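Undergrad: Sequence:
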Amino acid sequence: MADANANVKIEELTFKLQDDHPVYMKKWTPATTAPLAKLVFIHGYDDHINRYFELFPTLASRGIAVTAWDQRGWGRSVQHTSDRGLTGPTTLVIADIAHVVKSELADAEATSTPLFVMGHSMGGAEALTFASEPTYADLAPRIRGWLLESPHIEMAPGSQPSSLKIMAGRLAGRLLPKFQLKNKLPAEELTRDPEVMKSLTEDPLLWSTGTLEGLAGLLDRAADLSAGKRTLNPGVKSLWLAHGTIDGGTSYPASKKWFETSTSDVPDKEHKTYEGWQHQLHADLPETRPVFAKDVGDWILARVEAPKNTAEPQAAAEAVVQESAAAPAAAVSAAAETAEGSAKGAAKL
1 MADANANVKI
11 EELTFKLQDD
21 HPVYMKKWTP
31 ATTAPLAKLV
41 FIHGYDDHIN
51 RYFELFPTLA
61 SRGIAVTAWD
71 QRGWGRSVQH
81 TSDRGLTGPT
91 TLVIADIAHV
101 VKSELADAEA
111 TSTPLFVMGH
121 SMGGAEALTF
131 ASEPTYADLA
141 PRIRGWLLES
151 PHIEMAPGSQ
161 PSSLKIMAGR
171 LAGRLLPKFQ
181 LKNKLPAEEL
191 TRDPEVMKSL
201 TEDPLLWSTG
211 TLEGLAGLLD
221 RAADLSAGKR
231 TLNPGVKSLW
241 LAHGTIDGGT
251 SYPASKKWFE
261 TSTSDVPDKE
271 HKTYEGWQHQ
281 LHADLPETRP
291 VFAKDVGDWI
301 LARVEAPKNT
311 AEPQAAAEAV
321 VQESAAAPAA
331 AVSAAAETAE
341 GSAKGAAKL
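Under the numbering used here, read the sequence shown as residues 1 to 349, first letter to last.
In case anyone wonders, no lab produced these hints; they're calculated from the structure.
Fair warning: there could be bad hints in the mix.
[What the hints assert, rightly or not] Derived lysine-lysine pairs resembling DSS-like cross-links, with alpha carbons at most 30 Å apart:
no. : residue 1 : residue 2
1   : 27        : 257
2   : 294       : 237
3   : 9         : 294
4   : 102       : 9
5   : 198       : 229
6   : 269       : 257
7   : 229       : 269
8   : 272       : 257
9   : 237       : 184
10  : 294       : 198
11  : 27        : 184
12  : 198       : 184
13  : 27        : 102
14  : 27        : 229
15  : 27        : 9
16  : 256       : 184
17  : 27        : 237
18  : 198       : 16
19  : 9         : 229
20  : 237       : 198
21  : 256       : 237
22  : 272       : 198
23  : 182       : 102
24  : 256       : 9
25  : 102       : 178
26  : 198       : 182
27  : 294       : 27
Remember, it's a predicted structure, so these values are computed and weren't measured experimentally.
Produce the complete structure using the sequences and hints provided.
TA: See the structure below:
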């Protein structure tokens, strides 16, 4: 089987956010040609960027440079146990994303390279919050397209905490915002691949720890989207939403409803249904992962005016995808008790 990594340059670095907070960042770029497009990727809850398997190198092999980072409170961006899940409030989460996007836009615009933004699960809801935040409305027209993978509009049916538990959790979050709650992800609700399930239970960077403030923010962002309280900024011109029908983490019907009711002003949009696929479309089955990677790449490249001299390397990269597809205290105690129910559901995202 051909290796997409052979034509890809991979760089790991420490990136400073707007408040000088350091985070782990990784870039996948075409090794021998100038990028046709750039993609900023936002990962999900209890996740990190080295769990996206062949998605990023496959995209880079087709000319799409990918920049992703372990968000504040997650993965290799955590230096101390007390920092696990310490994301801060939604304003800080979105400011972090905006800072990364601005940094990537500076380079993209200097080379006339279109830039796209993509988010998975919690990251998908964050992308939509960013795309609808008036503070950053000036950035929307500069982003060529938005891609959403299994976005968290609502939790999957049967996994939603009760409204009473959500209210109690929010109250506890205001009293003890940095209080941590641990809940292990149900691997069988994220993927159909036994090997990926095994890795989800063994990965030392998946500690399934969130803070009350972070969990409240996660739930509030989704609730605002589900209730139609957020309107996409006018500059959002292209949007692609992908979701599997048996998703055990986030609700397929809710994301489809959001798409149908909230994108009327987006001129170029597509809702992509993956029948029988699970939550992590990028890490579902070995035979489906290349299909998803190709779909993402196809959508991006269809919105890029490629120079004539890039046809040959792009065709070669597509062959890689095809070949890959063919291969196989009392207050603390009270706060913890009231918020735990909310955390159990949110930990799937």
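Undergrad: None of the hints should be skipped; say for each whether it holds.
TA: Against the structure, the hints:
no. : hint        : result
1   : 27 <-> 257  : 34 Å, violated
2   : 294 <-> 237 : 22 Å, holds
3   : 9 <-> 294   : 19 Å, holds
4   : 102 <-> 9   : 22 Å, holds
5   : 198 <-> 229 : 39 Å, violated
6   : 269 <-> 257 : 14 Å, holds
7   : 229 <-> 269 : 20 Å, holds
8   : 272 <-> 257 : 13 Å, holds
9   : 237 <-> 184 : 38 Å, violated
10  : 294 <-> 198 : 25 Å, holds
11  : 27 <-> 184  : 29 Å, holds
12  : 198 <-> 184 : 13 Å, holds
13  : 27 <-> 102  : 16 Å, holds
14  : 27 <-> 229  : 34 Å, violated
15  : 27 <-> 9    : 8 Å, holds
16  : 256 <-> 184 : 27 Å, holds
17  : 27 <-> 237  : 26 Å, holds
18  : 198 <-> 16  : 33 Å, violated
19  : 9 <-> 229   : 41 Å, violated
20  : 237 <-> 198 : 39 Å, violated
21  : 256 <-> 237 : 18 Å, holds
22  : 272 <-> 198 : 28 Å, holds
23  : 182 <-> 102 : 33 Å, violated
24  : 256 <-> 9   : 36 Å, violated
25  : 102 <-> 178 : 28 Å, holds
26  : 198 <-> 182 : 19 Å, holds
27  : 294 <-> 27  : 19 Å, holds
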